[in-house]
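There are 2 protein chains.
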Amino acid sequence: MHKNEYGSLHIKNLTSHFLRTIMSNLFLLVPLVGCVSISSAQQSSLNLMPVPSNIEVQQGRFVLTSAFDVSVRADKNDAVLYRAVNRTYQTLNRRTSSFFKTQYITPSAETSPAQLTITVRSKTSGEIGVDESYSLKVTEQNIVLDAATTQGALHGLQTILQLVYKEDGKFYFPLVTINDKPRFKWRGLMIDVARHFISLDEMKRNIDAMAVVKMNVLHWHLTDDEGFRVESKQFPLLHERGSNGDYYTQAQLKELVKYAADRGIVIVPEFDMPGHSQSWFAGYPELASLPGPYRPGPRTQWQNDHPDPSRPPTRSIADLIKNMVSPTFDPTKKEVYKFLDKFIGEMTTIFPSGYIHIGADENNGMAWKLNPEIVAWMKDHQMQTTDELQRHFVKRVHDILKKHDRRMIGWEEIYNDKLPKEAVVHKWIPEGNGLTKSYGTANDFASKGYNTLVSEGFYIDIFMPAYIYYNNKSLDSLNQTNVLGGEAAQWTELADNENLAGRIWPRAAAVAERLWSPANVTDVDEMYRRLFQLSIQLDEQGLQHLSNYERALRRLTNNAPTDNLKTLTDVLTPAKGYKKLFAKMTKPTNETQQTAPLADVSDIVFCDSETKWAFRRGVGEYLKKNDPVLENLLKNQLIIWRDNDAALQPYFQQSTRLAVIKQHSANLHDAAVIGIAALENIRSGNQPDASWQQEQLKKLAEYKKSFGETELEIVSEIEALVNRKLSPLPASFPVF
Amino acid sequence: MHKNEYGSLHIKNLTSHFLRTIMSNLFLLVPLVGCVSISSAQQSSLNLMPVPSNIEVQQGRFVLTSAFDVSVRADKNDAVLYRAVNRTYQTLNRRTSSFFKTQYITPSAETSPAQLTITVRSKTSGEIGVDESYSLKVTEQNIVLDAATTQGALHGLQTILQLVYKEDGKFYFPLVTINDKPRFKWRGLMIDVARHFISLDEMKRNIDAMAVVKMNVLHWHLTDDEGFRVESKQFPLLHERGSNGDYYTQAQLKELVKYAADRGIVIVPEFDMPGHSQSWFAGYPELASLPGPYRPGPRTQWQNDHPDPSRPPTRSIADLIKNMVSPTFDPTKKEVYKFLDKFIGEMTTIFPSGYIHIGADENNGMAWKLNPEIVAWMKDHQMQTTDELQRHFVKRVHDILKKHDRRMIGWEEIYNDKLPKEAVVHKWIPEGNGLTKSYGTANDFASKGYNTLVSEGFYIDIFMPAYIYYNNKSLDSLNQTNVLGGEAAQWTELADNENLAGRIWPRAAAVAERLWSPANVTDVDEMYRRLFQLSIQLDEQGLQHLSNYERALRRLTNNAPTDNLKTLTDVLTPAKGYKKLFAKMTKPTNETQQTAPLADVSDIVFCDSETKWAFRRGVGEYLKKNDPVLENLLKNQLIIWRDNDAALQPYFQQSTRLAVIKQHSANLHDAAVIGIAALENIRSGNQPDASWQQEQLKKLAEYKKSFGETELEIVSEIEALVNRKLSPLPASFPVF
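Chain order of the listed sequences is A and B. Each residue of the first sequence is one higher than the one before, starting from 351 at the first, in this note's numbering. Each residue of the second sequence is one higher than the one before, starting from 351 at the first, in this note's numbering.
Some hints could be false.
Since the list gives no way to pick out one identical chain from another, each pair is judged satisfied if it fits inside one copy or across any two copies.
Here are the simulated DSS-like pairs of lysine-lysine, each with C-alpha atoms no more than 30 angstroms apart in a straight line [what the hints assert, rightly or not]: (1) K985 - K916; (2) K604 - K583; (3) K672 - K684; (4) K583 - K554.
Keep in mind that the hints were calculated from the coordinates and are not lab data. Bear in mind that the values here come from a model prediction, so they are computed numbers and not experimental data.
With the rest of the complex left out, here is chain A (with noise of 0.2 angstroms):
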């Protein structure tokens, strides 16, 4: 290990762990020992992420020793915020060794003076919209964190604990001064527990990362054709026939509700009606627009079940979304508003939330066309299109809800030009995506005084890179009175317990950046920076996404060596957009079972790639600098990439599951060997070489193909060695 401009570079010839150490050295405590290249922006966000509103860093320490303590000025019932103080304080404990003289922090603790001191003016538990604002001060002598709310001291602590540091042996925090408050009042994350079950434990884990980031909603997609996650007691069938066994019982949703409350979050179910609703009808069929026998599975079952030689099969995507059958409530029975009525009253007792989503997503109206006597009772009520029908559902629905006191949110669908003026209108559909018809902008529903929420450009299940997201501007040029905020949304078709750890983080804090910070905090690289950063924070926190994806990589070598692999996997992801999934729904076969096993490669790897950051941001510094120690750690680099291909021939041979990345990794090593001339080429200080550049920049462009539902991600910065010039990233992806 040797010092250099850049730190202290650990040689090793493993690729992650030699990237990791250019980024870390390159930037991590970059500000604190004083270092080249480092913006302002770098500089004053430290490592946070969420970037507070107002942060100002001064030179000096302040260091944790054993004397390290708390006293807390608060309402001595606040026992969500003594439960958050301790957990931090055992979390500083743990991470600094520190072996803390004082073992807890207790009400009685508030007398004695401490070298943190919390304050909190008002005791507040699980409400969206309250002030949750709080500032840090860190001196040598001694931190004070105050917050007017409990929420506001929960996202305080959460900063404190992104704020520590170690030099030489010795744990600190450095001096801040930081004024922080959220600029969205509604930061959401929204996980889908239908198409594939999602356990409590996996769900807790997910709690505790948004926490880390400052998200405040998880919005608990609850049941969908797939599957009704919720026992009830009223309807017992909807859980006994809805759920293939995977449901929470209410005692695991009322534990849920309580550990998100203590982490400052509140969870809103949603219980997706009139379509997306298949599982229900398995165990009450008399609600459905169409006979039974209903069963839980996806969209394109019921029709599989039920053919019918007048409708064709369903053939393409843009068929499916138009003239697909798909299992509908029937919105003119009087039963169906008796029972939802119970059951909404009954869902109440377990979710204190004021909010409770409906969906009411993707009915195409084709269930009810079939269907004579609801085609009659339209023209009964002089309806003519289904459009009317869903109108009349919604605001059935929206009656129920009111009665039991609670505000409905709905997917855009619930828009009409009589929506009661308190329903919450949820924005999802991308606008001009030549598939389905958005309802309106965002700035539509907002204008028209509707309190709006924002999800489009964060469906972070098309396996977009974090900056995809953290660049979208869906929320900038709205009228701000009425949107109260966004959320990122994970569908779980193609993920279920064992990968959606990896496939929501570290990339949803992106987004729940785009929502915290203040709106001209955008600079993508100092993102990438700290999101990596993050991600080992949370692994710290106990997220699972980083073990799962070792886990599963032991499981496709069948237990034999993972490095070769891991070079290559490391800098794939996963094809962007929705074409697998579109290809499952559109081709049944076993594939598109809820049972099918999500553990190829196209499933397991993250959709940013540490290493592609890395070694963008080493060859970006590279051609402005032309430093000879960085052009020696690229080489190193690219020398790994050329030789890994012949290491993984046996693993290709030995699974078919691997025989499907094959490509990539001769690609990786055809594009190394590129590399590697490119080095060459401009080490001999010799002007480009413009039909040798043509040549390898045609065949690099092959290398961007995706093979096995997965892309090669190092491909721009090979073409940028290439070059001698690194190009913008792409603003977008197709996602169809």
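Following the hints, position chain B against chain A.
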């Protein structure tokens, strides 16, 4: 990768992978591909752990395809069985990516023929002592699992999961005929959740692991001085004041009971009394023998909180055992028994098991002797010794349990000559340990007609390697009629939620095999071969022992690369015996606190070094055969160890927690240098140089010493290279 007589060797630069490669290629698939030096014991047991009581292996294979399905002939209401069948089915689906066409195995599947047929003759649930036998026959056409009971079928399903092999991209079962049943009906794991609280999730993962190795009793040590971990509605101050907030709600307790029952495991709760009971008195001091106040904490705490100049502070562990005043129930008060009656009654609504463990261990009577009223009461009742008062207390509690239809279990301290015959005596004190006098041998108890449980020699918290427990003979020469079985015992003074899995697993599997397999299954090398395979299977099924280790290493390097550190820690084990624990107990500092972080190197390294075992195996084979390929593998490994010390120096500078193992790193370097020289001597063909050998052995003896509460594990194998002969393993190590 090239083929040779040891199979396919991947030459890697990474120690553990390198050596796992030796292991897996030498021994993994060997019986099926035909290879050298495989004993018939290895042949016949495949990778199964525990080894079945009877197994025959035939040539040929059953190949898994997407057509694999299951039919069940059993009670259609056996929900436990159907859930287990589906879990197994989905695990196979995921592990092999077979995309099974059948989604779920339901009772209606009985009629159709299937590749796997399961017959269960009697539905059982959660009883100890039912017929747990099963037979399994795999032919090229189909698989037949036959079991007398549900529990037997669950064991057979675990065997199926351990029988999957892979070759040339195809997964298959070898053809076997297995007739299996357990040696003992009680195969337990005791987990102490009082000293450190263990989360419900971690308990579930441990239950999953227990099921894999066919253990059937979770003995849950729920209360002790340090914590009362059970919610009581009758006496809410028990958990409110006795747990520092860390307890299981009744809903959670019930959930775990069901979770365990689903996996064929009975939960037997332990409520320790009359000693080890400080946490009870935090809320109810009136139950104690001496006045309060009380708070949950280590044994030494009450005496420290109530200093008495007439009693010198406890200085040694022997003194602590004999003279320490530790909180104890007052056995002379009627209110105590009324309280316990009500409390036990409440607990029986949560724990359906027919057994309750009352602890009753380590009461030296000091608290009783110091209370004049108790002394007077003893006099009134003609009791000469506190042993007689203990007898009185045990009898009263026995009668309370009996009233609630529960059999009493207690540690051997419940034994006395009037103990009711239906009590179960739990043997734990090692005979002749020099510190604690035993109450009799296991054989004494069994011969006198008491049902007996054995944990003598199965205390896995004393950091011994697995073979020590595997070689434990304490069950062999007993009056078998009354011996129920045994339990591995994991106390948690030095284990918490983050290192518990690595403390228990995979080692506890060696105990599980001792309790399940025939007494003549004793080959240690063969056990280790399977143990490290099992470790990966446990990881696949969700156990966090491997990922917690990786995470802890990242914490130790402050997120710098961990591979050099891992090269060292992979060959370190915790110092064997109770030295660390006793040092903490007798010198009260911050480190005795329950909140003290367990994140040092000694807290995270495994008790069995897989690298050591692979290296040992390699050295043994090499010394037998003088094979140049093996010589090269060993030499590469020695070079890695030699060069690792230099790379680690900056880490020792950066971290005081790492600096404590600096000496081991230097010793590993020196030992490797000696090993390389020894290899060269052997290759030279010269006779050994006796004086050189003497000199090296003297140095090597030094390297066996403990530093930083850890020990270097590969020294004996270097000695073997110097001596040209592998010495047998030590039969035991000192505990104190």
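(message) As a check of your reading, is K672 near K684 (CA-CA no more than 30 angstroms) within one copy, between copies, both or neither?
(response) For K672 and K684, only the intra-copy Cα distance (28 angstroms) is at most 30 angstroms; the inter-copy one is 77 angstroms.
(message) Regarding K583 and K554, is the shortest C-alpha distance of 30 angstroms or less found within a copy, between copies, in both, or in neither?
(response) Answer is both: 24 angstroms inside a copy and 26 angstroms across each meet the 30 angstroms cutoff.
(message) Checking an output row: K985 and K916, CA cutoff 30 angstroms. Within, between, both or neither?
(response) both (19 angstroms within a copy, 26 angstroms between copies)
(request) At 30 angstroms max between alpha carbons, let me know whether K604 reaches K583 within a copy, between copies, both or neither. (result) This pair counts as both: shortest intra-copy Cα distance 14 angstroms, inter-copy 18 angstroms.
The structure shown violates none of the earlier numbered hints.
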